[in-house]
Amino acid sequence: MVLYAVRRLLWSIPVIIIASILVFVAVRSTTNPSAQRCPTCRAEDQQRLAAQLHLNESGTSQYINWFSKFSHGDFGKTLRQKPVWPDLRDAIVVTLQLGALAYVITIGLGLTIGVISAIKQYSWFDSLSTGVSFFGLSIPPFFFGLMMQIILVLKFRDWFGTTPFFTSGVNNSSSSGLGYDRLIHLILPAFTVAVQGIAIYSRYMRSSMLDVLNSDFLRTARAKGISERRVIIRHALRNALIPVVTYSAIDIGAVIGGLVITEQIFQIPGMGVYFLQAFRDGEYVKILPWMMLVVLSVILLNLVADLMYGVLDPRIRLD
Amino acid sequence: MRRQRRGVQLLCLLFTFVLFAAACSSDKKSTGAASSSSGPAQKKGGTLILGAEQWPDCLNPITQCANSSWMHWAVAGHVMPRLMELDEKGNFVPSPVLAGDPKLSGEGTSSGTGKFTIVYDIDPKAVWDDGSPITADDLIFSLDAYLKTTGAVSTAGYDKIEKIDSSNGGKTATFTFSVPYADWQDLFGGNSGYFYKKAAFAGPDTKSDMIDSYTFSGGPFKLDSFDATQATFSPNPKYWDTDRTPFVDKVIFKPITDSDTELNAVKAGEVFGIYPQASPGLKDKTAQPDLTLAFAPGVSYEAIYMLENSLQNPDTVFNDKTVREAMMFAVDRQAILDQIIHPDFPDVELLQCGVWVPTVGQWCDQTLWADVKFDPAKVKSLLEGDGWAKGSDGIYAKAGKRLSFKWTVNAGNARREAIQALIIPKLKDLGIEAVPDNTDADTLFQTRLPQRQLEMGTYINTASPDPSVTTILSGKQIPTPENSFSGQNSSGWNNQQATDLMDQSDKTPDPAKRLDLIHQIGKLLRSDAVLLPMYQLPNVTIVRNDKVEGPVTLYTPAAYSVFGNIYDWSLK
Numbered sequence: 054m055v056l057y058a059v060r061r062l063l064w065s066i067p068v069i070i071i072a073s074i075l076v077f078v079a080v081r082s083t084t085n086p087s088a089q090r091c092p093t094c095r096a097e098d099q100q101r102l103a104a105q106l107h108l109n110e111s112g113t114s115q116y117i118n119w120f121s122k123f124s125h126g127d128f129g130k131t132l133r134q135k136p137v138w139p140d141l142r143d144a145i146v147v148t149l150q151l152g153a154l155a156y157v158i159t160i161g162l163g164l165t166i167g168v169i170s171a172i173k174q175y176s177w178f179d180s181l182s183t184g185v186s187f188f189g190l191s192i193p194p195f196f197f198g199l200m201m202q203i204i205l206v207l208k209f210r211d212w213f214g215t216t217p218f219f220t221s222g223v224n225n226s227s228s229s230g231l232g233y234d235r236l237i238h239l240i241l242p243a244f245t246v247a248v249q250g251i252a253i254y255s256r257y258m259r260s261s262m263l264d265v266l267n268s269d270f271l272r273t274a275r276a277k278g279i280s281e282r283r284v285i286i287r288h289a290l291r292n293a294l295i296p297v298v299t300y301s302a303i304d305i306g307a308v309i310g311g312l313v314i315t316e317q318i319f320q321i322p323g324m325g326v327y328f329l330q331a332f333r334d335g336e337y338v339k340i341l342p343w344m345m346l347v348v349l350s351v352i353l354l355n356l357v358a359d360l361m362y363g364v365l366d367p368r369i370r371l372d
Numbered sequence: 408m409r410r411q412r413r414g415v416q417l418l419c420l421l422f423t424f425v426l427f428a429a430a431c432s433s434d435k436k437s438t439g440a441a442s443s444s445s446g447p448a449q450k451k452g453g454t455l456i457l458g459a460e461q462w463p464d465c466l467n468p469i470t471q472c473a474n475s476s477w478m479h480w481a482v483a484g485h486v487m488p489r490l491m492e493l494d495e496k497g498n499f500v501p502s503p504v505l506a507g508d509p510k511l512s513g514e515g516t517s518s519g520t521g522k523f524t525i526v527y528d529i530d531p532k533a534v535w536d537d538g539s540p541i542t543a544d545d546l547i548f549s550l551d552a553y554l555k556t557t558g559a560v561s562t563a564g565y566d567k568i569e570k571i572d573s574s575n576g577g578k579t580a581t582f583t584f585s586v587p588y589a590d591w592q593d594l595f596g597g598n599s600g601y602f603y604k605k606a607a608f609a610g611p612d613t614k615s616d617m618i619d620s621y622t623f624s625g626g627p628f629k630l631d632s633f634d635a636t637q638a639t640f641s642p643n644p645k646y647w648d649t650d651r652t653p654f655v656d657k658v659i660f661k662p663i664t665d666s667d668t669e670l671n672a673v674k675a676g677e678v679f680g681i682y683p684q685a686s687p688g689l690k691d692k693t694a695q696p697d698l699t700l701a702f703a704p705g706v707s708y709e710a711i712y713m714l715e716n717s718l719q720n721p722d723t724v725f726n727d728k729t730v731r732e733a734m735m736f737a738v739d740r741q742a743i744l745d746q747i748i749h750p751d752f753p754d755v756e757l758l759q760c761g762v763w764v765p766t767v768g769q770w771c772d773q774t775l776w777a778d779v780k781f782d783p784a785k786v787k788s789l790l791e792g793d794g795w796a797k798g799s800d801g802i803y804a805k806a807g808k809r810l811s812f813k814w815t816v817n818a819g820n821a822r823r824e825a826i827q828a829l830i831i832p833k834l835k836d837l838g839i840e841a842v843p844d845n846t847d848a849d850t851l852f853q854t855r856l857p858q859r860q861l862e863m864g865t866y867i868n869t870a871s872p873d874p875s876v877t878t879i880l881s882g883k884q885i886p887t888p889e890n891s892f893s894g895q896n897s898s899g900w901n902n903q904q905a906t907d908l909m910d911q912s913d914k915t916p917d918p919a920k921r922l923d924l925i926h927q928i929g930k931l932l933r934s935d936a937v938l939l940p941m942y943q944l945p946n947v948t949i950v951r952n953d954k955v956e957g958p959v960t961l962y963t964p965a966a967y968s969v970f971g972n973i974y975d976w977s978l979k
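Here the protein sequences come in this chain order: E and W.
Residue numbers for the first sequence follow our numbering, so the first one is 54 and each next one is one higher.
Residue numbers for the second sequence follow our numbering, so the first one is 408 and each next one is one higher.
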């Protein structure tokens, strides 16, 4: 397995280089840093700025300059002379907090609902969860987020005089850092991120579980007199989880993308807000490492998914 | 009876004395008779929490950080000192830094050529937050900083200053310009200029300074912290102008960049005031008793621009002046106002003066577009008189060219898309084909507009207190591939006479002479039918009336945003 992992990592190098070129071309062709929204800028000011910020250099020269620094861990400075890494690091931390909470909710609720639906197939719970899943799948996150704000903040306050939830931000004005305050601020955005995931995973888990529940080895286990609870938890669940776990590892990359909208709605200063602001400001220097980190995380998580497949299913050998 | 009258006289005298004493009191904050509109004395202390619709990435007012209006509105404007400032009506007035009006002298003051000098007297009481005096040396340093900072966003005007002399123990600064400069009030002040404390910097290249903090203050507040989640301020204890001593102990600005969330946050009481953009349905969405909603004509105006020599279509029909003139009478501005704008903002009027607005300065000539009304007969006579004839498809054509063009707005902007939906069928009835070619806002404003990749566009521009339109309309400021798309004249209007007038106006400090030049430029703009002005967009303020009091909506129309006077806001 170690050899497999090393081989996969080595294969990642050309993938990363090709991805960096594609990312650079895409970002540079869609951002226009020299034409900032600057109502007071004269043509001569813009030309001076372009020269001072090396924006007139050829694309190849800009790419080589950027990638050589990036590959050495130097993320550079923005066009506004602000170091890129500290802000990006802070945004990653916030996104990881939100992503982790959303992920726990997604997996926790999604899998639980899926398992119960499968065990109690065609029951009222199964019918209800199926209906709610389709609702969750079809509701856009931006709409769901705003509904959460209206119901759990504004209406809740009207009904009960106060509410524990917030429309925006990661902390109260008087506090900072982790803790209850951060957690309660992240609850609504985390549910907004999770709602589609819960729907997907519950359906996925239900289907996977039904496959396993009807398999021969479970019938054998029951015939041996093993309790139903043990049959489900020890035998059925473990096998049903294999495809779900692999999918969930790959899905973490998609979660980062999905956070863009939610972070914007709830004003969470994570990678989504970072990306949107950088794009609006024409700060390609900020967007490039952002995109490369997403690329790297997807590559890495794909590898993790493959490795976990081997761990969970002894029939698979990663040689 | 007589004794009674004397008693009344004594009471009147006493009352007059009390009134006189109160009026002469130098510290409005200590008497409690603040400029509050609410009557009773305003409470001191507490934390004022406000929402910001956009959030600056960095804070250096010299570099590209200054491109963010919210950097000025939410941060720099409360901390940095200015020389001349704008009052709530958009008039230039001396800031508290100055002991009086600056004195202009030299031949250039009235003639447009020759020597041009300004003398500023700095208030002897004016100090930085550490108590050190504000002097002419700070202005000399600031000039150096504007000119020598790598990535300085604009050196306009600063590059015309030959020297600044210090006298009177540093409390008098004499500016000598190489040429007359009409927009002198925007230097170190005005819309987005400030000056800086010399002792706080290692050298004049400030590119690495003021990124996310200010280590000094010359305004009513000090910046205590700034990050991606909030900016916090406390009163500057050394601020000398007692009229601007803040009531609150702390101010917090929080970014809330999603417009729906911003409304929800103020409705939930998480923030006490916001300054959102005017949008359809705002009145209904904020209809609750603890919210005060205020509108005022803003500094932004919306117009339809017809691009000459468009780079999207170099053979555009808008190269033909007659077509542009016909469009003036083919677009039903009144219908746009009645059906799209008035349901939410009934006080908005048609803008008749092009790129100036009636509420900012004296520059707007409301007669310029006054003759422009929806007039199908005039459209017909203009086009047919120029050789255009309707084809079998009902669209005019001339020499094989159909009167068809693409009309671009930023996709998702409900107001502009509604305008297109209203106007395009009407144009078709007149034999003019407009094809929507909408694109997302970032692509439109970052790429297509700066590179003139559209034929006709609808977007807003901002009227500055200084009437100069050189950057947006001069023939020298047209972005082209040859100049790497530098310049802001996206309309492509290239009228040499107008360009010369703009240059002359920029060198004419005398307001009366300048007014004449500006009106001449306006007439050329109208006669060349470069754009069709529609209306001023209203500024909007929403405040929690159960949380804050004072003159909280006074600055709604102001260039500094409604938050320009938060030193006068207090908590209930």
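These aren't lab readings, by the way, just hints derived from the structure by calculation.
Glycine included, each C-beta is placed from N, C-alpha and C at the ideal position.
Treat each hint with caution, since some may be false.
Covered stretches of chain W (chain E as the covering partner; in silico rule of three or more C-beta atoms under 8 angstroms from a C-beta of chain E) [claimed, not checked]:
| no. | segment |
| --- | --- |
| 1 | 574–582 |
| 2 | 932–943 |
Restricting the straight-line Cα-Cα distance to at most 27 angstroms, the calculated cross-link-like pairs of lysine-lysine (DSS-like) are [to be verified]:
| no. | chain 1 | residue 1 | chain 2 | residue 2 |
| --- | --- | --- | --- | --- |
| 3 | W | K692 | E | K208 |
| 4 | W | K532 | W | K645 |
| 5 | W | K954 | E | K208 |
| 6 | W | K555 | E | K130 |
### Task
Compare the structure with the hints numbered earlier in the document and write down the numbers of the violated ones, lowest to highest.
1, 2
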